[in-house]
Every structure is written in structure tokens, then in C-alpha cells.
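Listed here are the chains, written in short residue letters.
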Amino acid sequence: MTRSQSTRAPQLAALIVIGLFAVSDLSAQFQAPGALGALAPANIAKPRPKAPFDLTGTWLHGGGPDNNFRFSPPAGFKLTPSAQVHYDAARKAQSEGKVYRDEIGQCWPAGLPVIMTRVWPIAMIQLPTAIYMISEFMNSMRVVYLDGRSHTDPDIAVPSFNGESIGRWENDTLVVDTRYFVADHHWIDSGIPGSDALNIIERMRLTNEGKTLEIEYTLTDPKSWEGSWKMTKRWQRVDERDIAEVECLPDLNQHMPTTQSNANVR
Amino acid sequence: MKKMLLTTMLAIAVLAANSGYAHHSGAGIDRTKTVTVDGTVKQFKWGNPHSWLEVEVTNNKGGVDLWNFEMNPPAYLVQSGWKSSSVKAGDKVKVTGRPFLSGDPGGIFVSVTLANGQVLAGGRAPSQVGGPPPATPATQPVPAPKQ
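These protein sequence lines are chains F and V, in that order. Heads up, the first sequence is in my numbering, so the first residue is 1 and it goes up one at a time. Heads up, the second sequence is in my numbering, so the first residue is 1001 and it goes up one at a time.
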């Protein structure tokens, strides 16, 4: 090693360390410089008004009348030309007893909003700063931030299947705004694609003495349909259930002929 | 009529259960039929999101076909008395399932009869525990109006 190389070595090492930290930060939700994470004790301890309700518990979409697990479009809906292509292909597949792009069956994440009603229970842990929701279905996680932060700058936001959720309390209702979704492999319903322009507003409240969670959805996606779609879903507390580890593994579909058969239109 | 209603209800229940907990669509399955085969267990997987049962069945040409039955997750199966040790490779079993429309060997699991005669079904949904009360059975007799 030459003298000049020896002199530069500490600087190079420092650059590498800084680079590694920068890379590890890329996987996180972007925070303003110096801002505390949702799990930082100092953030949790900040004085805030008491939350009107606590979602901590295990919840299950109940099904039943007027509580369909599907996010089907409302009567009179109008799709964009690009979405209509998918919708028509899905109807054709259905008429032939087939299924169109069942990508959840190919281990793609269900994504919001479908993950919320995917029959499997959802564990929710509410803190003053955030609500952590973990679906038993593929252990899909979403975080609803409540600590007053804003949505990430769109120029640096990382698209995902569950998007970025920011919540605020409005009297007895938690209003959650979710955006920054992936542009493909994400479906709202059979043949209804969700795009990177999807925006989901959830108005959450508890009813039935805290045993029922009701969410009114407003779905907007100008790249896939015109206007906004509204629908309401309900979940029940399932206090005797815990969630398990559930993953879509490479050997799973090798033993699931339904995901491999020619009944799948890809 | 009563029997037909009961059969219809069972069919709906099976459809709901199988479509609900699956990680995939159930397209390609003939929900109106069942098929039963005798064979030897090749593999039994006890796991999430699906268990599965592979059975080697001798065909009418003297060869062996591998029948693959997709099953509910253990949380369902334990409701019907299943354990991870209920079946193992080499066991002689009789398996009933809902077949593939394509005619491929296998389908959605309905029940198994073990060599000792014990019958184990596919399991009911534990997810329904704590949910809304079930609808009044359609087979329940309607009380006669009071005079």
C-alpha cells in the first residue's frame, strides 16, 4: 500500500459504512431527517389526545348479508379502456369455467384492499403512533401511521401492495388515506386492476360495544375507473384466535394442481 | 325435498369453505361431483396455507397414477380430529375428493378413510367461531300458525 493509499483508507472505510447505512435505510418508510420512528419510545410518549378506540385484537371479516368479501364494482361503473380489456378477458374466462390472472394463487401479494377481507384473521396492535396490522394470510403487514407525519414525497415513495397508510382521528372515526401502490399484479376484484394511481380512503369506527369494526371504503383510481367507488365492510373480534406463520413457498404450488392447470388464464 | 335442501346446503358450505381459505381460485374443479380412490399415501403435508395428500393409485392399465388432493390448513383439519400424524407415507387409504374438470388425477379433498376404518373429513372453518350466528337452516320445519 502506498502512503497516499494508506491515508485514504479511513476515508474509504467511512464512505463504505455510510453507504451501507444508506442502503439499509432504503427499505424503510422514508422519514424526515431527524424524525422519530413510530416505535421510538420518545415518539410514543409524546402527549397526544386519547384515541377514541383501540383496535388491538384479532379481527375477522364476518361475511354474511351486505358484507361481501369482494370489492366488486358498483352498478353502472365505467372502466378506462385499459382496465376494460382485463375486465372483458376475466368475464370470458369465467364463462369458460376458468379464472383470469389469479395472481394471488401464484404467490403475488393480495394487497390492499383485498387483504383486509381475505377470510384469514388479522392481528392488529394499536399504539399512539401507529397501528400494525398483520394478516394471517401470507403474514402480509400494513402500518397505519398516526404520529402526525405526512405522506412520503411521491418522488421518493416506494410503491407497494399495501401502500402507505396515514391515519387521523376525526371525532369517533379513524380516517386512513392510503396511496403509493404498485402498478401491476394488483387486483381490486377479478379483472379489475389497481394501478399506481389507486387511492383508498378508509373511515374506520367501532360499533356493537367495540366488537365490530366497520370500514367505509372509498376507492379511486383514475387509471382504471371513473369516479369513486364506495362500499362498507365489517369485521368481528375473534378473541379465541391467534395468527400463525403462513407463507407461499416454492413447493406449495407444485402440489396445488389448481394453480397449475389450464383453468388459469395468465 | 328435505334431503335435496340439505344436499344443497352442504354443497354451498363446502364451496364456501374451500373457496374461502384457499390461497387461490378454485376454478377447474367440478363442485357437483365426488370421486373416491383407493391407494397408498406417498406424501402428506401438514402446513399453511394448505395441507395436501398425495396418493398412488393403481389404474386400469396396471400402472400407477399419482392423485393429488388439496386440503384445508391445519386450523380447519383439527376441527375434524386431524393430527399431523393422522396419515403417513405407506398408509393404505380411501380418499374422496371433488375432481378436476380436466380429468387429471386429484382434486379438492373431502374425506379419507384410514385402514382402521376411521373417517376424517376436510374440516370446518374455525374462522366462523365468534362470527355472526349461522342462518336458520332451510331444513328447519316451519311451525304451523297458531289457531
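Don't take each hint at face value.
Said to hold, decoys possible - Interface residues of chain F toward chain V, partial, derived using beta-carbon atoms under 7 Å: (1) V99; (2) A244; (3) V246; (4) A263; (5) V265; (6) R266.
What the hints assert, rightly or not - Taking lysine-lysine and the BS3-like style, the derived pairs with C-alpha atoms no more than 30 Å apart in a straight line are: (7) K1045(V) - K98(F); (8) K1033(V) - K98(F); (9) K78(F) - K98(F); (10) K211(F) - K98(F); (11) K1045(V) - K92(F).
Rather than coming from a laboratory, the hints here were simulated on the basis of the structure. Note that beta-carbon positions come from the ideal geometry of N, C-alpha and C, so glycine has one too.
To see whether the hints hold, each was checked on the structure:
Because the smallest distance between the Cβ of V99(F) and any Cβ of chain V comes to about 4 Å, under 7 Å, the interface hint for this residue holds. The beta carbon of A244(F) comes within 6 Å of a beta carbon in chain V, closer than 7 Å, and the hint placing it at the interface holds. A hinted interface residue such as V246(F) counts as satisfied when its beta carbon comes closer than 7 Å to some beta carbon of chain V; here the least separation is about 4 Å, so the hint holds. Evaluation of the A263(F) hint against chain V yields a held restraint, the C-beta minimum of about 3 Å falling below 7 Å.
Interface hint at V265(F): violated, since its Cβ lies 9 Å from the closest Cβ of chain V, which is beyond the 7 Å cut-off. Checking R266(F) against chain V: minimum C-beta separation of about 12 Å lies over 7 Å; hint violated. A distance of roughly 27 Å separates the Cα atoms of K1045(V) and K98(F); the hinted pair therefore holds under the 30 Å criterion. For the proposed pair K1033(V) and K98(F), the alpha carbon gap of about 18 Å is at most 30 Å, so the pair holds.
Among the hinted pairs, K78(F) with K98(F) is consistent with the structure: their alpha-carbon atoms are about 24 Å apart, no more than 30 Å. With a CA separation close to 38 Å, the supplied pair K211(F) and K98(F) exceeds the 30 Å bound. Distance restraint check for K1045(V) and K92(F): the Cα-Cα separation of roughly 35 Å exceeds the 30 Å cut-off, and the hinted pair is therefore not satisfied.
Checked against the numbered hints listed earlier, the structure breaks hints 5, 6, 10, 11; every other hint is satisfied.
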